[in-house]
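Novice: From first to last, the protein sequence lines stand for chains A and B.
Using our numbering, read the first sequence as starting at 1 and increasing by one per residue.
Using our numbering, read the second sequence as starting at 1 and increasing by one per residue.
Wrong hints could be hidden among the right ones.
Unchecked claim - So, partial list: chain B residues that the calculated Cβ filter (under 10 angstroms) puts toward chain A:
#1 V43
#2 L67
#3 A94
#4 C161
#5 V297
#6 L385
#7 R388
#8 W392
#9 D393
Just so you know, these hints were derived from the structure itself, not from any lab.
Yeah, the Cβ is synthetic: ideal placement off N, Cα and C, and Gly gets one too.
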Amino acid sequence: MASSEPVLLANVGRPDSHTRAAYEAAGGYRTWRGVLARQSPAEVQELVRASGLRGRGGAGFPTGQKWSFLAQDRPGPIYFCLNADESEPGTFCNRVLMELDPHQVLEGLLLSCYATQAATAYFYLRYEYPLAYRRVEAAIAECYAAGYLGRNILGSSYSLDVFLHRGAGAYICGEETGLIESLEGKRAWPRVKPPFPAVEGLFRQPTVVNNVETVACVKHICERGSAWFRSLGVPPDPANPRDSGSFGPKLYCLSGHVARPGCYEAPLGIPLDELIERWGGGVWQGRRAKAAIPGGISTGLLRHDEFHCRLDFADPLKFGCLGLGTAGVVVLDEHVSMVDFLHNSCRFFAHESCGQCTPCREGTAWALRILDRIRAGRGRWQDLELLLEIGDTLGIIPGTTICGLADGAAWPIKNAIRKFRDEFEAYIRASNPDGYLETHPVRALDDRHLQVRS
Amino acid sequence: MGTVIVDGHEVEIRDGERLNGIEAAARAGIDIPHYCWHPGLSVVASCRMCLVETGRRDPATGEITMLDKLVPACQTPATDGTVFVTDSDKVVQARAMVEEDLLLRHPVDCPICDKAGECRLQDYFYQHGHTERRADIRPFTSRRRSLGDTVTLFVDRCVMCTRCVRFCREIAQSHELMVINRGAREEIDVFPGFPLGNPLAGNVVDLCPVGALGDRDFLYRQRVWFMQPHEHVCAGCATGCSIFIEEHQDRIHRVRPRENPHVNQWWMCDEGRHGWKHVCDARRLVEPRVRRGGVLVPVNWEAAIGDLDRALRASAQLAVVLSPQLTVEEAYLLVKYAQSVQPAATLLLGPVPMRGTDQTFAGGFTIRAEKCPNRQGVQHVLDGLADRQITWDQLLTQQARSRPYDAIWIAGGYPTDWNDADTAGRLRGTPLLVVQDLFPSPLADQAHWQLPATAFAERSGSFVNRGDRLQTFQWAVRPPRGALSEGQLYWRLLGRRGLYDARQVLAEVAEEIVCFCAALDPVPATGVNLKVQQLA
């Protein structure tokens with residue numbers, strides 16, 4: 001893997017990097033001026049499509065394709081929602097961008113809005129980022145003052161307003177239709193799809209929802225071209241027709257039991273062990289790693305013997321993970337109990353399930369209860385099968401829920417138990433040696449027991 | 001035309017018809033279980049009970065390609081070539097999973113739950129659930145709270161289908177109900193100080209697929225399996241909602257709406273829902289009385305009918321007041337009787353109670369200001385049979401001034417106070433005043449003949465609503481001992497033998513009065529539109 005100069009993090013670390021003056025001194029907003037003067041929205045869209053940029057929010061949907069779904073024939077405005085509700089456990093790359101280089105995000109947002117011809121953009125910011133809130137708010141004000149935002153920007157016919165909206169601290173608001181509902185002032189219950197937001201989204205108008213890092217990439221694609229973008233990363237696997245390749249730079253959030261946790265930029269496809277060893281300085285305190293979360297807790301787990309997994313959009317799938325997710329890598333050392341890990345994960349999803357779909361609302365809470373009981377020394381042998389059954393039936397992949405939160409809840413369960421089954425069994429055996437004695441299920445009456453008089 | 005395949009059965013759909021999987025399967029006689037979907041509300045696809053497998057049949061090759069994941073049937077449109085599989089192992093397991101999930105924290109307090117016997121959770125568990133309980137959660141809590149004056153929420157029985165919330169938002173548009181908290185801690189609630197109080201609030205109880213919402217009027221009154229539902233028509237206003245009257249041994253326990261796309265869709269108002277109390281009111285008039293020596297004394301019907309007939313025939317000028325509470329058949333028989341006594345008898349429509357203004361809700365459901373069920377029908381009968389009509393006010397004025405009528409028969413049957421001392425005063429001095437009514441009133445108290453009327457639930461016949469839709473119904477409960485239904489009384493006065501037969505009378509009406517000709521054919525449960533037939 002060729003090492004490359006940082007692009008997304010180029011300004012991070014410079015003094016006052018969050019101010020417009022510092023950003024412009026480093027060449028900021030030159031791209032915006034150039035595009036506005038010389039390129040049509042369709043050209044920008046085509047550029048992004050050609051770059052093969054895939055959404056950085058977790059699902060990895062091709063951004064150019066998403067924009068092309070926008071219903072063009074509808075009267076009324078197109079809305080652009082910037083998803084800055086970064087709340088996946090283990091993920092903080094958007095935070096770094098918003099706190100230390102908010103103008104880069106805004107320039108990307110301006111370019112994306114121009115490409116999609118949105119006249120209004122909503123910056124949906126996570127509540128728990130107060131510094132980002134202040135800095136983005138200041139950056140938006142600076143943009144209005146400099147004429148980069150507002151009516152007839154820089155003398156062109158294009159007008160754009162950006163509204164900064166602060167969420168109220170719910171994980172589900174990061175789901176794009178949950179975000180839209182929340183913006184509309186409603187309870188963030190994800191919508192049934194279709195219609196997709198590109199056809200009918202915010203206020204029933206065509207809407208694009210993109211992640212902060214995605215629009216930051218758009219800025220660099222406009223600046224350096226799609227060929228540059230495609231020169232980084234991993235080309236599509238010819239054997240897999242569904243893989244459209246993983247191009248471009250990516251911010252990896254490395255946390256957990258590593259010597260140097262932090263946010264690192266690398267081209268997509270860096271192997272997990274290289275990330276941990278070269279960037280993270282190895283596992284802390286000289287210990288060995290037991291497992292790692294490849295991209296935020298909902299993507300599942302990689303065992304230490306799977307650390308050669310490349311962190312791109314395709315490779316984690318081959319190891320039974322949900323995907324690259326947000327590239328929030330959390331390393332667990334050998335001292336971590338997987339029962340505790342899974343309990344923590346289940347507690348998060350039971351707490352954050354929006355409660356709309358029955359399987360997710362009840363399943364996440366049930367899984368937590370089972371793990372509570374196992375940790376209280378009353379585990380049963382068949383609990384593991386039960387947990388796996390809950391995990392296997394949960395989510396949009398089996399089709400039992402509306403949104404992907406349940407898949408995120410299911411993957412840690414599935415991966416932890418399937419990849420660390422010995423440890424779970426040993427835990428139950430040690431904490432509840434008579435576990436098998438408590439295994440009488442309550443039998444309900446079935447037809448054979450019911451004498452129905454007719 | 002299109003073809004949808006449900007479990008191998010081909011179902012025809014018409015062009016432009018928008019059906020979902022549940023509706024298409026119903027056409028093939030296949031019931032797809034569901035909680036959150038309701039034809040009158042928006043689709044949320046959240047209960048996940050209706051999960052099915054779906055696919056498409058290629059029109060050219062006939063080859064079927066299936067999706068590998070489950071989809072909710074409520075959200076999946078049925079178009080030409082859509083395939084639904086509702087009985088595969090995958091579907092059976094998914095249903096069992098949802099049932100198991102819903103019962104995890106459910107108190108299973110069926111023995112004390114009013115919904116038992118008509119509860120979807122209960123029924124679906126027997127049809128689709130696992131045969132054993134794997135959860136070690138044994139909740140038994142009985143948290144409940146009042147959502148408004150009429151509705152109680154049993155918090156732990158709720159399955160979060162949100163039908164009630166959507167009803168308040170989409171139909172009543174009063175937005176009282178909402179979901180609070182998140183995940184498994186979710187509950188239905190109202191905002192403090194804004195209780196559930198819209199005029200349609202009772203519908204949320206019908207919509208609730210489980211026993212979470214209870215109507216306090218019905219709560220703990222009767223187990224549902226003892227009650228007999230009767231198809232009837234609400235007499236509360238001129239909308240004439242199709243209803244079920246549910247009774248047990250001649251006691252009404254509950255009234256609930258009956259689906260009728262032409263009249264009330266799936267809804268009814270609370271006033272109608274709770275508007276049957278007058279039926280079992282102890283103050284009702286229950287025996288015929290005649291004035292002898294200044295006081296009203298009870299008589300038996302056999303003697304009363306003969307005496308009354310003779311007294312009326314002795315009069316010179318007869319006026320008959322037909323209340324808009326009468327059925328079409330009763331109005332017809334009474335007119336026929338009056339004309340047999342005096343061919344030139346004066347016939348008129350009684351006072352029409354009005355209150356407020358018409359209130360229309362989203363989707364078209366309307367509560368009428370006209371608080372009587374059959375003004376339209378009685379008016380049609382009068383128009384068809386009476387040569388000369390006057391109004392109620394004219395009658396009162398004329399009678400107070402010059403007393404032109406020496407006999408007046410007032411067929412009342414109003415459940416509310418409809419006359420006062422002034423009305424009675426204007427008719428005072430009439431030589432023969434026959435008042436047939438439900439309750440004592442100044443007018444009834446000065447009658448020479450005081451006859452008991454019967455309530456809407458005790459009668460058979462038909463009402464014509466404001467939209468000119470004629471709906472027929474049969475009695476649901478018997479009248480109190482001693483009371484004779486209007487139809488039976490008029491039938492006897494006309495000298496007919498045996499029991500009053502509303503269907504036979506309606507056939508006569510349809511033969512004789514042209515605007516009722518639509519009723520010549522048997523009337524379906526949703527009624528017939530007289531207006532369309534008139535135009536045709």
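Novice: The structure should be examined with respect to each hint, and the outcome stated for every one.
Specialist: Against the structure, the hints:
Annotation: interface hint on V43/B holds; nearest CB of chain A at approximately 7 angstroms, less than 10 angstroms. The criterion of a C-beta within 10 angstroms of any C-beta in chain A is met by L67/B, whose closest approach is roughly 8 angstroms, and the hint holds. Taking 10 angstroms as the C-beta cut-off, the interface hint given for A94/B holds, the closest approach to chain A being about 6 angstroms. Here the hint on C161/B is kept, as its CB sits about 9 angstroms from the closest CB of chain A, short of 10 angstroms.
Using the Cβ-Cβ criterion of 10 angstroms, the hint placing V297/B at the interface with chain A is not satisfied: the shortest such distance is roughly 53 angstroms. Given the 10 angstroms rule on beta carbons, the hint for L385/B is violated: about 51 angstroms separates it from the nearest Cβ of chain A. The interface hint given for R388/B is broken, as the beta carbon of that residue sits about 59 angstroms from the closest beta carbon of chain A, more than 10 angstroms. Because the closest C-beta pair between W392/B and chain A is about 52 angstroms apart, greater than 10 angstroms, the hint is violated.
A least Cβ separation of about 53 angstroms between D393/B and chain A goes past the 10 angstroms threshold, and the interface hint is therefore violated.
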